Amino acid sequence: MKYKTGSNPAFRNDAYAKVTGIAKYTDDYSMPQMLHAAPVYAPVASANVISIDAEQALLQPGVVAVFTAKDIPGNIKFGQIIKDYPPLVLDRIKSTGDVLALIVAESREQAIAAIQFVQPVLEELPGIFDPETAMLPETPLLHPEHGSNVCNYHCVRTGDIEAGEKESDLIIEQTFSTSRAEHAYLEPESALCHLRPDGVMEVLGSMQHPFSTRRFVASTLGLQLKDVEVKTVPMGGGFGGKDDTAALVCARAALCAYLLKKPVKLTYTREWSMRESYKRHPYTIQYRMGLKNSGKIQFVKVRIVADGGAYCSVTPWVTWRSTVQCCGCYEVPNVHCDVYGVYTNNVFSGAFRGFGSPQVNFSIEQLVEIAAHKLGISESEFRRLNMVHQDSVTITGQKLNTHTVSLKQAMDTVLKEVDYEAKLPQCSFGKPESDEWYGIGYAISYRGMSLGAEGTDFNSAIINIQPDGSVLLETGIHENGQGSESAMILILAEELGIPKELIRYRFPSTSNIPDGGTTVASRGTLLGGGATVKAAEIVKERICEGVEAAKGIKNCQYKDGKVYDVVGHEVDDYFTAIKLCYANQIYPYAFGVFQAPRVSWDEHTGHGDAYFTWVYGCQAVELMVNPKTGQITLLNMVAAHDMGKAINPAMLAGQFYGGMTMGAGYGLYEDMPLDSGNPKPTNYHNYRVLRSTDMPEMTAIFIENPDPNSPSGAKGIGEPTLELMAPAIANALFRATGKRFTSLPLATGVQDFVKGLQQ
Amino acid sequence: MSINVNGKAYEAPSALLDKSLALWLREDLLLTGTKIGCDIGVCGSCTVLIDNKAMRSCKLKLKDVIGKNIITIEGMTQTDGTLHPIQQAFVDCGAIQCGFCTPGMVLSTYALLLENPNPTRTQARNAIKGNLCRCTGYQQIIDAIMSAAQTMRESKKDN
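If you're matching them up, the sequences are chains S and C in order.
If you count by the numbering used here, then the first sequence holds residues 1 to 759, one letter each, in order.
If you count by the numbering used here, then the second sequence holds residues 1 to 159, one letter each, in order.
Simulated from the structure, these hints should not be mistaken for laboratory data.
This one's a predicted model, so the numbers in the text were calculated from it and none came from an experiment.
Treat each hint with caution, since some may be false.
According to the in silico footprint, chain S covers these stretches of chain C (three or more CB under 8 Å from chain S) [unchecked claim]:
(1) 41-55
(2) 72-79
(3) 132-145
Heads up, the beta-carbon is just placed ideally off N, CA and C, and yes, glycines get one too.
Assemble the whole structure, with the sequences as input and the hints as a guide.
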């Protein structure tokens, strides 16, 4: 279904607050006696800390305290996977994003003004900025306790790679490299913490994983989880970038509040955010691919090196997804894949919408076209020949038989919508005589949904129906701005057959509901929606029990807002039934859990049912290149994805458009070059995020094959929409210029190319 | 030394004349709907209307706006809470995700429609060029601008 504006009015429970400006983000809150903190950054990327002299800083106007790692009452280091990250550095600087000290002052301006008066005495060490160098045996270790500069390693060993080599008629090799990208969420990190009279450290923060934040804060302060309560307020964008990096900001504010017994706010400047927050991993991907003359892929050998930067964060998980999806959405009988996440003294890398797939897709979706053209086969025929289909077995040995494999459907839909075959002959391929070069390109993918075998995957929901029939709902999913609360409300309204206006999503807190994991991996609607359906099933039973107790009957059924008796006669409507529940001491309250179906993984072979379901998609782009300036103009963008079921069409379209735009920006311009480990871009003036005038009109097409393993039928969409536009643009640029661009960002390559032609 | 904000006159304290307008609105008037995203005047989150022109309040000091009329996002909503047609269009068209750019987008839209009640989609794109949005890809914001323009034209006709 093609999304049409106005076909379905958007529903958001927070729209009114956001459009009127009354929505309160973290920095919009203040408290009596509130103090302000500011971080003091390491001036170099690699050094031993001899001492930190704060004497002069303490004498500055308004300064209340200066804290260093020595003041941390709990654990100095923490992390989601490897506990290697210190909110404040104790003895060894590993990155220019490291914080040496926190200044607390009466005003933010005073705290910032005092930063220059903190005098660290350092013994500078040589920095390691290249992952390949970091992996050499003679290179000093960043984290000696880890025993290696290789943070993590994953592999896939499938079939017989040597036999694959022998059986191939054609072997191609190609290396691709990708950029370090910044999330550039509009709201910089912010945290406001205070120690409540009941002894609980209360945290308001701009972060997308309240439970992880709670763990970071509790670990830093040496408290139990029950003694930390993280409340979530509207967040100005996350995109994966407000997971552990934002938890650190909260831990720092909480430390100051804990030590001073006063509320402390720590709101980041854009410059601090860009300096410190983790980025998308830059990858180097070396492919060797063998093919039959028929076009069938015989083998893929691939080596991937990801620059993880100074700390682990979620590098093992990000690179694991790259491992599982290293051959793209294709059947490959023989696979030899090695993936390394590597420590360097660069700013660290972490979760970013796409999570290890955009890098792989950028590469493989060009590689298959290179292969097809060498064989004299069209890129579309080649893809159809090799793509996964119903009952295919993936490279990790997973049979795709639990859901509809709609990859071909997605691809055919997009090619038809853009009229691909008819437009191919118009492509310029760098024709010298034309004033504008035209190109069209597309890319396809499959994407494992949710966390897969990288983590335990479950979520819960609480439904609490009030005596008047209104409903309080909550889940362990976090509203990142994507509209997850609204999606849960719509799912519950449909399950109970009641108007959505009866349902309120409860103000979320880590003390309300069990830890449901992080709201990443496009798992919000899938997991939270699943838990909502499970809880709804239970609450419907409670409602029936209420009616049965009141009427002295048995085996009632709840359907679409009404209770029916065993022979199907309507007994009571929803409101009456709820009243009867309370009158008969039966609470219409339910706690529901959705546990993701079993997944598996063998680290040694790289085999397993990696994800319990997959999303299929295709995106296409038309563009023009100015042969003189190299300027690229996007003309048209189309996407089709099978997300299972469209819950809230306008918001779903928003995920499409937003992901396509972010993917286009990643493909064309976004880059964070470093200077001795420190990001050169400091703010939006030197980090290019796409603007309204950069964008063409976009088309979003929903393919709906409800997933049998998802209680709501929905899968996920946040990340699939981002992971395809960079390769689609690269393929279109090839057809415009006649040249393959194998490094991100693409605009840089195109500019160099046209400059070269003019010389 | 008076500044009019959302129809109400405020005296600008002489000690604060060099304070950023965005911070004054947020900290002194508690109008926190004005957001600060970059603080260097390139993201547009802090957009307000000054004498009906969309301006970046983080780049202005209090002394720059003495005697001017300022409209912030809080001034767009009627006192009874009824949304301005632009706000309603943003809600209906799905133009809101994280919401951090929304106040600035609404105000840039208002400035456009005051000048040009019947913009093309390209003109709408140009009008919000200075406002970054990282969530929506702008398309539904353009939809909202077009829809609001239509509603406002029709209500003008009716009057």
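Against the structure, the hints come out as follows:
Counting residues of the stretch 41-55 of chain C whose beta carbon lies closer than 8 Å to any beta carbon of chain S gives 3, which meets the minimum of three for the stated coverage. Judged by the Cβ-Cβ criterion of 8 Å, the stretch 72-79 of chain C is covered by chain S as claimed, because 5 of its residues qualify and three suffice. Under a criterion of three residues with beta carbons nearer than 8 Å to beta carbons of chain S, the stated coverage of the stretch 132-145 of chain C is upheld, 12 such residues being counted.
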